[in-house]
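Participant: Read off the chains here:
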Amino acid sequence: MDTATSAITVAVHDGQRVLTSRAAVDARRHTELLAPMLVETLTAAGTGVEEVTHVAVGTGPGPFTGLRVGLVTAQTFAHARGIGVHGVCSLDALAAAAAGQGHEGDLLVATDARRKEVYWARYRCADGGVTPLDEPTVTKPADLPEEVRSLPTVGRGPLIYPELLAHPLDPSGTDLLDVDAGVLAAVAAARIDAGEAMPVEPLYLRRPDAVAPGAPKVAR
Amino acid sequence: MKDAPLVLGIETSCDETGVGIVHGTDLLFDAIASSVDEHARFGGVVPEVASRAHLEAMVPTIERACREAGVALSDLDGISVTAGPGLAGALMVGVASAKALAVALGVPLYGVNHLASHVAVDIVEHGPLPEPTMAMLVSGGHSSLLLVPDVTHDIRSLGSTIDDAAGEAFDKVARVLGLPFPGGPHIDRAATDGQITIDFPRGLSSRKDMERHRFDFSFSGLKTAVTRWVQAEQAAGRDVPVADVAASFQEAVVDILTRKAVLACTEHDVAALQVGGGVAANSRLRAMAQQRCDDAGIQLRVPRPGLCTDNGAMVASLGAQMMMKGRPASDLSLPADSSLPVTDVRTGLPVHVDHDHAH
Ligand SMILES: [Zn+2]
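Protein chains in written order, with numbering that gives the first Met the number 0: chain A, 0 to 219; chain B, 0 to 358.
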């Protein structure tokens with residue numbers, strides 16, 4: 000499951016392929032939508048909760064409130080079932096989706112970080128696989144170097160900042176905007192097979208806004 | 000309907016991650032993780048800091064509650080969770096976690112009102128609530144007088160603060176006196192060494208206010224009066240008698256709270272007063288409430304301090320009551336509602352707290 004981008008998304012993957020996948024684009028109703036979607040996705044896959052062996056969750060970066068709903072749901076579900084929970088950077092899942100659609104070469108993933116900023120990282124896609132080139136970062140799109148902004152881009156960045164991020168990989172601007180839990184599950188399944196460590200640490204990338212009394216400086 | 004359901008309750012409305020487990024009306028364990036120290040340097044709760052701490056503490060606190068209660072999650076009959084009111088982002092962590100438990104374990108979910116939970120916690124402490132009970136909830140987030148005919152179903156707000164919550168006033172006055180956050184315990188401690196030497200105002204106690212705001216509270220004028228008094232002393236070059244100011248301020252708060260609570264009981268013919276919320280830990284409030292209730296022939300019920308502040312046991316207790324009374328469970332689409340009613344109702348109007356439906 001993933002709630003780091005504008006979609007709330009859940010998929011069931013059997014280790015080989017995606018059995019079912021669901022998504023709803025509603026950036027304000029994570030708490031309401033995720034649990035019913037989890038039940039609906041499992042039901043549609045014909046999978047009982049007791050049959051689930053691993054939980055994978057997108058760790059962001061993403062707007063904090065929604066991100067946490069996905070993380071705490073995944074962690075609690077896994078704990079209650081006594082199974083493992085694995086974190087996948089949500090930008091990795093977007094890059095993997097582009098590679099899965101046949102993209103070759105360098106790629107920019109840029110998602111909505113609100114406050115006129117994007118979460119971003121570059122990836123190298125080859126033969127359906129991806130290699131990250133950067134740690135995920137949060138930046139104003141105008142502050143990205145020209146050679147980064149000129150890369151084919153996935154995520155909502157180009158949709159929100161068409162002038163600054165003018166090279167969407169999907170020119171129609173409808174595809175590869177948000178994480179697809181099916182792709183995230185496939186990435187997770189491959190990493191679980193490879194025995195990779197997959198910590199479930201939220202990628203906030205920003206300190207909390209907080210003002211100490213008497214100190215008008217914003218701590219961030 | 001079940002005789003004694005085993006219920007796990009989750010509370011994340013402010014800065015405490017609480018997980019409690021009750022068996023019917025018996026408390027098995029109450030686990031709390033608090034982020035209060037992280038907020039201390041800001042002099043108040045920072046919502047994002049609280050939400051992050053909830054996420055980190057959630058599963059470990061569930062784990063600890065089960066271990067200490069000697070309960071396996073698979074033994075549970077139901078999950079209850081604070082659906083509101085509270086900090087939106089903080090509530091969402093608890094609500095999402097509770098839903099994941101309900102789905103993973105195949106048990107019903109009960110989204111409950113935080114204020115109603117403060118009332119229901121006394122069931123695990125002192126047995127069944129007299130019906131009706133009068134409840135006074137006083138904390139950093141609320142100051143309310145509630146008439147409670149049935150804690151699972153019917154709660155009516157008689158009044159609440161029109162400005163600061165009582166606990167907020169303690170925090171602000173503590174800051175004026177140079178005492179640390181949270182202010183309540185520090186003022187209580189300082190006051191034990193002081194004398195009540197200053198006659199600070201009792202908010203909304205004038206004849207006219209007693210007509211229009213009979214069971215409402217106001218603490219902002221009191222806070223201003225204390226600040227002015229302290230500033231005047233400093234301007235005159237005198238040392239501020241911190242203990243005396245603390246004692247006098249505390250007396251003003253406690254006097255008006257207990258006076259209105261007892262009046263509400265007598266006027267509504269209610270034989271039991273329950274006091275909850277963090278300020279209920281205040282020693283002077285407990286003593287004066289006891290005195291005035293004894294004088295008026297009212298039974299006073301105050302849970303132990305650990306159950307007065309926000310905790311998971313109170314949520315579990317209300318969830319167990321819901322199950323025992325056969326109330327319908329919540330839908331999995333239950334939202335976290337930061338302004339769930341009973342806090343923002345109009346003064347004195349009866350209000351039905353709808354626990355059963357997430358509007
Ligand atoms: Zn409370």
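I should point out that these hints are in silico values taken from the structure, not numbers from a laboratory. Remember, it's a predicted structure, so these values are computed and weren't measured experimentally. Positions of the beta carbon are idealized from the N, C-alpha and C atoms, including for glycine. Wrong hints could be hidden among the right ones.
Which chain B residues face chain A? A few, computed with CB under 10 Å, are given here [stated by the list, open to error]: (1) R66; (2) G69; (3) S96; (4) L104; (5) A328; (6) S332; (7) A335.
Distance windows between CB atoms, simulated [what the hints assert, rightly or not]: (8) B:E67 / A:T52: 48 to 58 Å; (9) A:T42 / B:T226: 38 to 48 Å; (10) B:E210 / A:T42: 54 to 64 Å; (11) A:R205 / B:D74: 38 to 48 Å; (12) B:D208 / A:P161: 54 to 64 Å.
Computed list of chain A residues with no C-beta within reach of chain B, every gap over 10 Å [what the hints assert, rightly or not]: (13) E31; (14) A193; (15) D208.
Participant: Taking the beta carbons of E67 (chain B) and T52 (chain A), is their distance inside 48 to 58 Å?
Facilitator: Given about 29 Å between the Cβ atoms, the range is violated.
Participant: Holds or violated: the hint that S332 (chain B) contacts chain A, with Cβ atoms closer than 10 Å.
Facilitator: Holds, about 5 Å.
Participant: Holds or violated: is the Cβ of G69 (chain B) closer than 10 Å to a Cβ in chain A?
Facilitator: G69 (chain B) check fails; min Cβ-Cβ to chain A is 17 Å, beyond 10 Å.
Participant: Go through the hint on A335 (chain B) and say holds or violated, using the shortest Cβ distance to chain A against 10 Å.
Facilitator: holds, 5 Å
Participant: The hint says 38 to 48 Å between T42 (chain A) and T226 (chain B); measuring C-beta to C-beta, is that right?
Facilitator: For T226 (chain B) against T42 (chain A), whose Cβ atoms are near 60 Å apart, the range 38 to 48 Å is violated.
Participant: Is the hint on S96 (chain B) kept, meaning its closest Cβ partner in chain A is under 10 Å away?
Facilitator: holds, 4 Å
Participant: Would you say E31 (chain A) is clear of chain B, with no C-beta pair closer than or equal to 10 Å?
Facilitator: violated, 5 Å
Participant: Okay, D208 (chain B) versus P161 (chain A) on CB: inside 54 to 64 Å?
Facilitator: Taking Cβ atoms as reference, D208 (chain B) and P161 (chain A) lie about 59 Å apart, which means the hint holds.
Participant: Is the Cβ of D208 (chain A) more than 10 Å away from each Cβ in chain B?
Facilitator: Label violated. Min Cβ-Cβ 6 Å, cutoff 10 Å.
Participant: Please verify that hint: R66 (chain B), Cβ, nearest Cβ of chain A, below 10 Å or not.
Facilitator: violated, 12 Å
Participant: Under 10 Å is the threshold here; is the Cβ of L104 (chain B) close enough to any Cβ of chain A for the hint to stand?
Facilitator: holds, 6 Å
Participant: Could you check that no beta carbon of chain B comes within 10 Å of the beta carbon of A193 (chain A)?
Facilitator: Consistent with the label, A193 (chain A) stays out of reach of chain B, its closest Cβ about 25 Å off (over 10 Å).
The structure fails to meet hints 1, 2, 5, 8, 9, 13 and 15 from the earlier list, while all remaining hints are met.
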